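J.: Sequence:
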Amino acid sequence: MIKSIFALRPTTKHYRCMRHPLNEFREAFCIHKKKNIRREVIRVSRMRLPGVDDELHKILNTKMDGVDARRRAREAFKDVQLGIDHILFKTPSGGIKMEESYEKNSKGVEIFCKSWLPGASRPKAAVFYCHGYGDTCTFFFEGIARKLALSGYGVFAMDYPGFGLSEGLHAYIHSFDGLVDDVIEHYTKIKENPPFQSLPSFLFGQSMGGAVALKVHLKQPKAWDGAILVAPMCKIADDMVPPKLLTHILIGIANVLPRHKLVPQKDLAEAAFRDLKKKEQAAYNVIAYKDKPRLRTAVEMLKTTQEIEQRLEEVSLPLLILHGEADTVTDPSVSKVLHEKANCSDKKLKLYKDAYHSLLEGEPDEIIIQVFGDIISWLDEHSLKQNHFFY
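In this text, residue positions in the sequence shown follow my numbering: the first is 73, and each later residue adds one.
If you are wondering where the hints come from, they were derived from the structure by calculation, not from laboratory data.
Only a predicted model underlies this, so the values are computations on that prediction, with no experimental measurement involved.
We put the CB at the ideal spot given by N, CA and C, even for glycine.
Treat the hints with caution; some may be incorrect.
Derived lysine-lysine pairs resembling PhoX-like cross-links, with alpha carbons at most 25 Å apart [to be verified]: (1) K425 - K351; (2) K294 - K408; (3) K291 - K162; (4) K291 - K186; (5) K196 - K457; (6) K425 - K413; (7) K176 - K186; (8) K349 - K162; (9) K349 - K196; (10) K150 - K169; (11) K364 - K130; (12) K263 - K169.
Label-pair distances were calculated between CB atoms; the ranges are [claimed, not checked]: (13) K457 - D140: 41 to 51 Å; (14) V328 - P293: 30 to 40 Å; (15) G191 - P122: 30 to 40 Å; (16) G445 - E264: 25 to 35 Å; (17) L317 - G180: 30 to 40 Å.
Let the sequences and hints guide you as you build the complete structure.
T.: So this is what it looks like as structure tokens:
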């Protein structure tokens with residue numbers, strides 16, 4: 073029986089924290105071999121945000137395992153979020169057709185989805201977004217999507233079941249394959265709509281969303297015209313793999329306590345955001361999952377990265393891979409391996425000196441502008457190629 077979760081603080085020399093893709097949700101997790109270990113219970117303090125009154129804090133500090141609480145929090149904080157002094161929130165919405173909706177999928181789960189379309193012209197292509205661990209397609213992605221729509225692209229996004237505004241236990245992944253199937257089901261419906269049938273279609277995955285995008289491609293190898301992967305979680309470096317015994321223990325416990333929250337976790341923004349002001353602003357993403365990861369979720373992500381590692385040579389679509397050289401959440405060497413092994417000639421790897429994990433949200437403005445420029449230039453080039461092919 074697991075009575076509580078402890079942070080391990082060794083008094084002797086210990087192994088360093090593992091830097092591999094799973095650190096997206098367990099940045100604080102370390103493996104220790106020495107016996108003299110002092111244990112300290114982690115206490116989670118309630119969040120206080122500057123400029124937010126007591127009534128909103130009550131909503132913020134409500135348990136958000138259920139979707140109703142997350143939807144109330146998002147609605148209550150809309151105006152606060154729009155007032156944040158961040159480059160993404162300065163992207164104008166004029167000239168963009170935006171639509172939000174909730175749709176029941178074939179499993180009976182209500183999915184939140186949103187689209188951003190150019191208001192005055194036919195989209196050059198359709199971009200389908202896959203968000204990262206614990207995240208949502210609202211908040212920061214709102215600014216990213218507006219920027220793409222103003223550049224002529226139709227953008228479509230969804231919250232996975234259990235994430236953001238979609239139904240399900242918060243940040244619980246019972247089956248990664250099932251999650252990918254949910255993404256395929258929803259995006260296939262959109263692609264089959266007459267206004268979008270003839271458009272080039274591109275996947276856009278960030279962090280864990282990079283793994284989702286790659287799995288979508290591997291299940292539908294001929295369905296997509298390319299993928300943009302930002303700091304993708306797609307392979308565990310050989311010297312970073314957890315010990316086999318620990319892996320077997322985690323899998324065993326996950327079968328009994330799949331929803332149990334596993335280990336203490338540092339604030340992801342600490343490792344993901346280089347700009348200090350933007351790091352503080354990340355706290356206003358009030359429906360992002362910030363608690364300890366659930367056991368089954370951890371195991372599913374581990375299994376997924378192991379599978380992708382074995383299938384990198386099956387990746388065959390045009391790729392744009394973007395990664396910060398100083399990323400300690402997902403290792404940039406992983407992106408180098410993907411670029412090397414992917415079975416396609418049309419592939420590009422762009423590394424950004426000194427940049428952290430959140431290239432589009434947490435870097436100085438000039439880096440964010442540069443990353444946007446690289447993405448839009450790549451989309452323009454590949455949309456033009458596909459449109460010439462069709463016509």
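J.: Could you tell me whether the CB distance from G191 to P122 stays inside 30 to 40 Å?
T.: 35 Å, holds
J.: Can the restraint linking K364 and K130 be considered satisfied, given a maximum Cα separation of 25 Å?
T.: Since the Cα atoms of K364 and K130 sit roughly 21 Å apart, the hinted pair holds (cutoff 25 Å).
J.: Does 30 to 40 Å hold as the CB distance between V328 and P293, or does it fail?
T.: 37 Å, holds
J.: Can the restraint linking K425 and K413 be considered satisfied, given a maximum Cα separation of 25 Å?
T.: The given pair, whose Cα atoms are some 23 Å apart, holds under the 25 Å limit.
J.: K176 and K186 were given as a pair; does the straight-line alpha-carbon distance stay at or below 25 Å?
T.: The given pair, whose Cα atoms are some 14 Å apart, holds under the 25 Å limit.
J.: Below or equal to 25 Å on CA atoms is what counts here, so check K349 against K196.
T.: 35 Å, violated
J.: Keeping to a limit of 25 Å between CA atoms, is the pair of K196 and K457 held or broken?
T.: 11 Å, holds
J.: Within a Cα-Cα threshold of 25 Å, do K291 and K186 meet the stated pairing?
T.: 24 Å, holds
J.: Taking only the CA atoms, is the gap from K294 to K408 under or equal to 25 Å?
T.: Distance ~24 Å between K294 and K408 Cα, so the pair holds.
J.: CA of K425 to CA of K351, is that 25 Å or under?
T.: 19 Å, holds
J.: Compare the distance between the alpha carbons of K291 and K162 with 25 Å, and conclude whether the hinted pair is satisfied.
T.: 37 Å, violated
J.: Compare the distance between the alpha carbons of K349 and K162 with 25 Å, and conclude whether the hinted pair is satisfied.
T.: 15 Å, holds
Checked against the numbered hints above, the structure violates hints 3 and 9; every other hint is satisfied.
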